[in-house]
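Just so you know, the sequences run in chain order A and B.
Sequential numbering of the first sequence, starting at 1, is according to the numbering used here.
Sequential numbering of the second sequence, starting at 1, is according to the numbering used here.
By construction, these hints were calculated from the structure, which means they are not laboratory data.
One thing to keep in mind: the hints can contain errors.
[What the hints assert, rightly or not] Among the chain A residues that face chain B by a calculated CB cut under 7 Å, a handful are:
#1 L157
#2 T158
#3 M162
#4 V188
#5 G190
#6 L191
#7 G193
#8 I194
#9 N195
[As the list claims (entries may be wrong)] In silico EDC-like cross-links for lysine to aspartate or glutamate, where the CA-CA straight-line distance does not exceed 20 Å:
#10 B:K184 x B:E118
#11 B:K154 x B:D210
#12 B:K180 x B:E118
#13 A:K172 x B:E181
#14 B:K20 x B:D210
#15 A:K172 x B:D110
#16 B:K184 x B:D27
#17 A:K172 x B:D108
#18 B:K156 x B:E181
[To be verified] Computed footprint of chain A on chain B; a stretch qualifies when at least three of its residues, placed anywhere within it, have a C-beta under 8 Å from a C-beta of chain A:
#19 27-33
#20 77-86
#21 91-100
Idealized CB from N, CA, C, for every residue including glycine.
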Amino acid sequence: MDTFIQQLINGLTLGCVYAVVALGYTMVYGIIQLINFAHGEVVMIGAMVAYTVLTMLAASGLPPVFIVALAVFAAVPVCMAVGYSMERVAYRPLRRAPRLAPLITAIGISMILQHVALIIWSRNNLSFPQLIPLTTYHLGSSETSATITNVQVGIILTSIAMMAALLALVYKTRMGIAMRATSQNPQVAGLMGININQVISFTFMVGAALGAIAGVMVGTYYGIANYTMGFILGLKAFSAAVLGGIGNLGGAVLGGILIGLIEAFGAGYMGDLTNVCFLNSFLPGFANLCESNANGSLFGSNYKDVYAFIVLILVLVFKPSGLLGERVGDRA
Amino acid sequence: MSLLSLANVQVAYGGIQAVKGISLHVDAGELVTLIGANGAGKSTTLKAISGLHHAGAGDIRYDGQDIRTLPSFEIARRGLVLVPEGRGVFPALTIEENLAMGAYSRTDRDGIAADIEEKFALFPRLKERAKQTAGTLSGGEQQMLAISRALMAKPKLLLLDEPSMGLAPIMVQKIFEVVKEVAKRGVTILLIEQNARLALSISHRGYVMDGGLITLEGESKSLLDDPKVREAYLGETA
Ligand SMILES: Nc1ncnc2c1ncn2[C@@H]1O[C@H](COP(=O)(O)OP(=O)(O)OP(=O)(O)O)[C@@H](O)[C@H]1O
Ligand SMILES: [Mg+2]
Numbered sequence: 001m002d003t004f005i006q007q008l009i010n011g012l013t014l015g016c017v018y019a020v021v022a023l024g025y026t027m028v029y030g031i032i033q034l035i036n037f038a039h040g041e042v043v044m045i046g047a048m049v050a051y052t053v054l055t056m057l058a059a060s061g062l063p064p065v066f067i068v069a070l071a072v073f074a075a076v077p078v079c080m081a082v083g084y085s086m087e088r089v090a091y092r093p094l095r096r097a098p099r100l101a102p103l104i105t106a107i108g109i110s111m112i113l114q115h116v117a118l119i120i121w122s123r124n125n126l127s128f129p130q131l132i133p134l135t136t137y138h139l140g141s142s143e144t145s146a147t148i149t150n151v152q153v154g155i156i157l158t159s160i161a162m163m164a165a166l167l168a169l170v171y172k173t174r175m176g177i178a179m180r181a182t183s184q185n186p187q188v189a190g191l192m193g194i195n196i197n198q199v200i201s202f203t204f205m206v207g208a209a210l211g212a213i214a215g216v217m218v219g220t221y222y223g224i225a226n227y228t229m230g231f232i233l234g235l236k237a238f239s240a241a242v243l244g245g246i247g248n249l250g251g252a253v254l255g256g257i258l259i260g261l262i263e264a265f266g267a268g269y270m271g272d273l274t275n276v277c278f279l280n281s282f283l284p285g286f287a288n289l290c291e292s293n294a295n296g297s298l299f300g301s302n303y304k305d306v307y308a309f310i311v312l313i314l315v316l317v318f319k320p321s322g323l324l325g326e327r328v329g330d331r332a
Numbered sequence: 001m002s003l004l005s006l007a008n009v010q011v012a013y014g015g016i017q018a019v020k021g022i023s024l025h026v027d028a029g030e031l032v033t034l035i036g037a038n039g040a041g042k043s044t045t046l047k048a049i050s051g052l053h054h055a056g057a058g059d060i061r062y063d064g065q066d067i068r069t070l071p072s073f074e075i076a077r078r079g080l081v082l083v084p085e086g087r088g089v090f091p092a093l094t095i096e097e098n099l100a101m102g103a104y105s106r107t108d109r110d111g112i113a114a115d116i117e118e119k120f121a122l123f124p125r126l127k128e129r130a131k132q133t134a135g136t137l138s139g140g141e142q143q144m145l146a147i148s149r150a151l152m153a154k155p156k157l158l159l160l161d162e163p164s165m166g167l168a169p170i171m172v173q174k175i176f177e178v179v180k181e182v183a184k185r186g187v188t189i190l191l192i193e194q195n196a197r198l199a200l201s202i203s204h205r206g207y208v209m210d211g212g213l214i215t216l217e218g219e220s221k222s223l224l225d226d227p228k229v230r231e232a233y234l235g236e237t238a
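Generate the whole structure from the sequences, applying the supplied hints.
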């Protein structure tokens with residue numbers, strides 16, 4: 001039971017991060033039907049910028065929460081500028097081009113951003129300074145009961161706040177209605193006096209701002225950042241968006257949290273479930289395996305990155321429109 | 001001076017010339033109708049005026065300015081508003097949201113709210129369904145919404161592309177009454193219609209288009225009496 005609750009908490013934390021990143025994919029897809037594969041790199045840049053600010057100010061004596069806030073305030077505009085530029089420079093000229101062209105361009109942008117980060121921040125794993133001391137709370141009386149840390153609480157609360165703010169933006173404001181109008185019929189949106197280029201730029205920048213904060217959260221959570229970190233993270237969040245139904249905001253949130261939970265439970269239980277040592281008595285072939293590794297699992301927690309992609313494949317095979325999505329058909 | 005004037009306007013899709021050099025004008029306060037067979041180039045003409053598909057050559061002047069190459073949102077913001085063929089409501093937005101988008105270029109919140117109420121008074125059917133998505137409306141209701149939405153922009157010049165298309169006769173009557181009413185309130189209108197008789201009966205002047213060219217023009221009354229028009233567009237044998 002303790003393991004269960006523990007994985008639930010870990011999964012929820014991770015899921016919130018995936019959800020926030022998935023929102024960036026789904027917003028851009030919703031408005032111009034482009035899968036912006038470079039979005040993961042935007043998250044990475046957010047983490048990197050935060051790393052720079054944190055290390056610069058670590059010894060400044062400022063209150064830690066203030067420093068983290070500064071890191072966020074630095075990462076957000078940088079990422080928004082990156083998001084704006086990639087749309088303006090790379091995607092806009094291709095808006096009328098066949099689908100494949102912007103898709104390949106997105107992969108190109110993603111590689112460019114990785115290498116720019118490599119030049120600026122080196123190829124090393126950068127460890128985030130632990131400014132905010134980690135506090136662990138036990139959820140129960142015994143020493144083995146599940147725990148939640150202040151960082152996890154912070155991530156979950158920040159994510160919920162951002163999702164709520166985004167929903168309010170999209171469903172309650174004039175700009176939000178214009179975003180939805182543009183996604184439904186850009187030509188008619190233009191006839192309403194809506195500058196759709198502006199709306200599309202705005203969408204990229206909002207997605208990038210969410211990505212920036214997600215980057216700071218990931219960096220803080222794992223305590224590490226690396227110029228390649230956006231790749232796997234981006235793919236998982238993309239899987240989450242597809243699972244929920246790409247283009248659907250609620251779907252991105254649901255998909256993100258599900259992927260986080262699946263990953264956490266996969267990491268937590270798959271080892272035991274695939275433990276083959278009990279076969280030893282009648283299938284001696286496993287003896288070596290069990291000798292070298294007492295737990296004798298075929299799939300341990302180091303397979304945690306696989307689950308999101310298994311889910312992606314299953315969704316694409318059995319319900320391509322995702323859990324909450326409407327027909328996507330051949331749009332992607 | 002005319003509110004809108006076109007001179008030798010040509011519009012092509014790829015290499016195909018759909019409008020082959022037309023000239024027309026609409027004066028402030030007029031209701032002008034443009035009729036013609038399917039594929040004559042009527043919708044293309046409106047697309048060129050509204051900036052949806054730019055004319056390759058010629059001159060399009062609105063309110064004294066050349067608008068031929070302006071993007072559509074700039075043209076709309078100047079008060080030249082098109083209700084496109086097929087209505088073009090935003091299906092997943094509510095009726096209220098559709099109307100709000102019509103007023104996108106306005107900033108007077110109170111005026112917008114009052115105008116929405118005015119449209120609801122004009123079309124009570126829309127008020128009942130204010131929170132419903134526009135995709136759930138019937139064709140006639142969608143057309144009411146599309147016209148109301150265009151009026152939310154307080155247009156100086158309204159372009160209507162076949163507002164009666166696909167509607168039951170009673171709804172056609174209703175739509176024409178609204179068009180007449182809007183014109184009476186001082187909005188200048190350029191109307192495209194398949195229903196040539198009705199359109200000519202409510203308009204001041206008319207143009208007949210055929211094969212990308214304007215073949216006839218004149219007072220609506222005289223067009224209604226013209227034997228060629230009667231034969232080709234009013235379904236009568238001369
Ligand atoms: N997007 C397009 N691409 C290529 N050709 C087009 C396009 N739209 C219209 N055309 C062609 O241009 C010509 C004029 O079309 P247009 O839609 O202007 O006719 P219309 O007078 O509005 O006809 P209708 O009464 O059927 O609406 C037609 O031959 C049509 O096939
Ligand atoms: Mg037409």
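Here is what the structure says about each hint:
1. L157: violated (31 Å)
2. T158: Violated: closest Cβ of chain B sits about 29 Å from A:T158, beyond 7 Å.
3. M162: Violated, about 23 Å.
4. V188: holds (4 Å)
5. G190: holds (4 Å)
6. L191: Status holds, d = 5 Å.
7. G193: The hint holds - A:G193 has a Cβ within 7 Å of chain B, the shortest such distance being about 4 Å.
8. I194: holds (5 Å)
9. N195: OK, holds: A:N195 within 7 Å of chain B, min 5 Å.
10. B:K184 x B:E118: Since the Cα atoms of B:K184 and B:E118 sit roughly 16 Å apart, the hinted pair holds (cutoff 20 Å).
11. B:K154 x B:D210: Between B:K154 and B:D210 the Cα gap is close to 32 Å, so the pair fails against 20 Å, i.e. violated.
12. B:K180 x B:E118: holds (17 Å)
13. A:K172 x B:E181: Judged against 20 Å, a Cα distance of about 33 Å means the pair is violated.
14. B:K20 x B:D210: holds (10 Å)
15. A:K172 x B:D110: It holds: about 17 Å lies between the C-alpha atoms, which stays within 20 Å.
16. B:K184 x B:D27: OK: B:K184 and B:D27 at ~14 Å, within 20 Å.
17. A:K172 x B:D108: holds (17 Å)
18. B:K156 x B:E181: holds (15 Å)
19. 27-33: violated (count 0)
20. 77-86: holds (count 4)
21. 91-100: holds (count 5)
In this structure, the earlier hints numbered 1, 2, 3, 11, 13, 19 are contradicted, and the remaining ones agree with it.
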